[in-house]
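K.L.:
Whenever a hint applies, use it, and build me the whole structure from the sequences.
In case you want the letters, here they are:
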Amino acid sequence: MKTEHPERGRLQTAPALAAGASAIERRRFLTTLTGAGTVLASSRSLAWEAGEPLPVPDSMRVLGKPVAADAYGHPSPHESNVVRRQSPGLTRTNESSIAFAPLQSLFGIITPNGLHFERDHAGRADVDPATHQLAIHGLVANPKRYTLDALLRMPSVSRIHFIECGANTGMEWGNVAVPTVQFTHGMLSCAEYTGVLLSTLLDEVGVDRKRARFILAEGADGAALTRTIPLEMALDDVLVVYGQNGEMLRPENGYPLRLLVPGVQGVSSVKWLRRIEVGDQPWHTREETLHYSDLMPDGTSRQFTWIQEAKSVITSPSGAMKLFDKGGYYEITGLAWSGRGRIKRVDVSTDGGRQWHTARLQEPVLSKALTRFRHDWVWNGEPALLQSRCIDETGYVQPTIRMLREVRGTRSIYHNNAIQTWQVLASGEIRNVQL
Amino acid sequence: MSSSEMARPQAPNKKSLALVTALCCFTACLSMAVKAAPWSSLGGPLTAREISSWDIDVRPDGVGLPVGKGSVSDGQMLYETHCANCHGVFGESNEYIALTGGIGTLAGDAPQRTVASKLDYATTLWDYINRAMPFTHSKQLSVDEVYAVTAYVLNLAEVLPMDAVLDEKTLPQVEMPNRKGFTQDHGFMRVDGKPDTQANACMRDCLDMVEVSSTLPEGFTQEMYGDIRTHFRALGKHTDLEPSAASEPAAISAGNGATLAANHGCLVCHAVDTAKVGPAFSAVAARYRDEPAAAAILKAKVRQGGSGVWGSAMMPPQSGPDDEALTTMVAWILEGAAAP
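As they're listed, the protein sequences go chains A and B. Residue numbering for the first sequence follows the numbering used here, starting at 1 and increasing by one per position. Residue numbering for the second sequence follows the numbering used here, starting at 1001 and increasing by one per position.
Don't take each hint at face value.
Unchecked claim - Result set (DSS-like, lysine-lysine): computed pairs, CA atoms no more than 25 Å apart in a straight line: (1) A:Lys210 - A:Lys144; (2) B:Lys1035 - A:Lys210; (3) B:Lys1139 - B:Lys1301; (4) B:Lys1169 - B:Lys1069; (5) B:Lys1276 - B:Lys1299; (6) A:Lys344 - B:Lys1194; (7) B:Lys1180 - B:Lys1194; (8) A:Lys144 - B:Lys1035; (9) B:Lys1276 - B:Lys1301.
Please keep in mind that the hints were generated in silico from the structure rather than gathered at the bench.
P.N.:
And the structure:
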């Protein structure tokens, strides 16, 4: 039964749908569908032979659901695999933990709000916007406080930026540790953020530009998380954010107010922001001494490693996916980003870095935002090693893991921006490997 | 903590204020055009007294430390009540974060990042205990108690002697073992900083040989993640997962005991089938199986806290869950703490 419909080939590989599937398998499969309350059986069974008239789906024969049947709206129930996940064994509690974004299933550059990665240090805080205030004080002429009402009336800007945890890919310094791009690179998201430029607020309080060198940002969570941020960044493009992708921030991303420090490791973008103090020295908080500092082979730690250097990764095809179509077309696609500005170029290799091909960049290509790249590939059925390598507008070229280890060893946890390799086996299975 | 306890020497400097005011007037007079932004009325003023209740941060030079004191011996009881559950009696437990040990290991193959081995300033320890500890009920120690616990931890870390007393003047003088262990000589502090690798963008015949040096062990993915195919959308030719599995996410009821236990942080110290800091819920259920008043006893224990029944670890009093939630959770535990 040869068919010209490419989907058909894939669907036939599912055991319950195969022509030879037993009646029991078939019944169990249909029961699953019915149990989920979804009327799909007849349309999904593809009981149709090539050359016969195309079947008319049930959805065309019945009245659909009323508008706003789901007042806020959810993804299709068929998308239930596309969720944030914790990495088994990574953290000791679910409150000081991280949920990774499913990069393998996302399109374009914007992370849906329900899938934005989540890192909490003392659990997700639930903050009442009616009582929440932001205090700005320290080396300023006029300390001020802002309610949400006041901030929503201030002049606003919307900017698209990535947030990447400094520890993203940190599990893989010494060796391969996780199977999918969700866990190798999923402490990464990108959204359109709306809020007030911090420089506008610092002008309002009259920051003492002679003495001020740093600000401290503090969250209203159980950890009252604090981070030192240099004043030059604070006066440049740092935002006090309330909006994310057109709606208010989600609780897990800092509702109702967070800081956004573009291009800087995510922990600086303090969630549930309640206080900004202006000072003349860094604070050496726990999250810039015990953690979030990069241990070098000589035992010293690099401190205040703020910038996220240029990095890229192929998100599809990627680890634990499987290719079925020998000789078939596959679009290699992924993400590139740099904390130092725009992505200038992305190259793709299918042979482990011997030959490289320049990928297409999808507009818009924005500073300190994710950039989507694509490359056409016909898999010849042979083993392959897929890699991407980005270059940012400073001319910096994404390094290999070997180059990084030569300088930094394998114990630094943070800022692993190495080229990622996915190995395609002759069977079509794809594995996370290092060269 | 009262606001007076938290008061700190950071009131606006009158001299600089006057200077700023004078400069503003001067500039305004010169240009005749400088005036407040039209949105300037939106922010409310803040007085020093108002700020003092929120301003809890502490710097290495001691700026921000409130007046107070505490000794190593004062700290011992507090530590054993509030901290030892997670950090171990000697601060040695790596279950969460080890406080002690590891000094001199940072340059080796198995570096231990502990309070003792990693911090550059003792003020950071005070600041973190004050703002974030104990993990499940932070900001409930008094200023003197924070000094005392800090002193005790630094004694366990072999940084301070048994008879040490810490206050706002002595704490900044404590010399941590890793005081000189940090460097800011790197390219990550500035957007135009110098990177530490200089790769080139070779395009043709870049390598002679390519060899895979690291993969996951056989069976690892299945063991750790189960059926990894369920991590993918079942469309698009990248998985042989049954394509139409239209499943709703597992329904979680707000009144469900398992969910309540997770949401109230019970699972930080307890698990269903294994003893962690506290006993397994299944063991609790077994112990109280024949006790008619089990529910009332357990509710009281949760509310009041205590130790001794299951070992020396202290369960802190829990005021978080309301009575209805507590009743639901206790019933769920006594029924065997089934998964949701």
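K.L.:
All the hints need checking, so say for each whether the structure fits it.
P.N.:
Cross-check of the supplied hints:
1. A:Lys210 - A:Lys144: Holds, at about 20 Å.
2. B:Lys1035 - A:Lys210: 21 Å, holds
3. B:Lys1139 - B:Lys1301: Holds, because 23 Å separates the two Cα atoms, which is no more than 25 Å.
4. B:Lys1169 - B:Lys1069: Holds - the C-alpha atoms of Lys1069 of chain B and Lys1169 of chain B are around 9 Å apart, at most 25 Å.
5. B:Lys1276 - B:Lys1299: Within the cut-off at roughly 20 Å; holds.
6. A:Lys344 - B:Lys1194: 18 Å, holds
7. B:Lys1180 - B:Lys1194: Between Lys1180 of chain B and Lys1194 of chain B the Cα gap is close to 23 Å, so the pair holds against 25 Å.
8. A:Lys144 - B:Lys1035: Holds - the C-alpha atoms of Lys1035 of chain B and Lys144 of chain A are around 18 Å apart, at most 25 Å.
9. B:Lys1276 - B:Lys1301: 18 Å, holds
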